[in-house]
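Residue numbers (our numbering), protein chains in the order written: chain A, 1359 to 1475; chain B, 312 to 427.
Hint data in this document are derived by calculation from the structure and do not stem from the laboratory. There are no misleading hints in this set.
Derived pair list, reagent style SDA-like, types lysine to any residue, alpha-carbon separation capped at 20 Å: (1) B/Lys353 to A/Ser1453; (2) A/Lys1436 to A/Gly1411; (3) B/Lys353 to A/Thr1365; (4) B/Lys353 to A/Ser1396; (5) B/Lys419 to A/Phe1465.
The following residues of chain A were derived to be distant from chain B, with all beta-carbon distances above 10 Å: (6) Gly1374; (7) Arg1380; (8) Thr1410; (9) Arg1427; (10) Val1432; (11) Thr1473.
Backbone N, C-alpha and C define an ideal beta-carbon position, used for all residues, glycine too.
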Amino acid sequence: GAGVSQTPSNKVTEKGKYVELRCDPISGHTALYWYRQSLGQGPEFLIYFQGTGAADDSGLPNDRFFAVRPEGSVSTLKIQRTERGDSAVYLCASSLWGGGNSYNEQFFGPGTRLTVL
Amino acid sequence: ILNVEQSPQSLHVQEGDSTNFTCSFPSSNFYALHWYRWETAKSPEALFVMTLNGDEKKKGRISATLNTKEGYSYLYIKGSQPEDSATYLCAFRAMYSGGGADGLTFGKGTHLIIQP
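I would like the entire structure built from these sequences, with the hints used as guidance.
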């Protein structure tokens, strides 16, 4: 079956511009996660959705970053006034259920490589 | 802040040789430890999810062990092949006592290169 897909695969933008990154999770997965991998680092957690609501947004670095999941499926990560330090690979993952202490494997998309010039 | 460390950072191995690398993680509030393989331009691929102290898991030539009391996991690759070249990531999931769920905390990865 189809896995997690992310678009675009690459995005080059100029400092100060607005960007949107899209994630299509596996059908039926209620939990959706965004991570960011900067050069030389492991992926870092940004935000987690359970259904339509953001259950944990503690990883968002500042208020320029925002994510939505209006219908509980596709999610969009939005970055305003991009800075060079935002350059990274943005990964999306989904799982069947993420609540409380239940265990669920996360399946990752291929990521969007964002470059801010 | 949770600290997940992987070593070595990179590794060059001759084809046919066996190798192993380490992930260390907090020994408190342990819930699960994940291993992923990530090839360039592809999605991270789940290898193992380990939840019990003493767990040993195997998938083909790759195996992993878990020690939650001392906070480490080893990944072993037997008879390395060129297709094993990738970055191997471990990720820690903490026990969560409230509602919702925490994301995974990743190490920086071990970059493995198999030389023919």
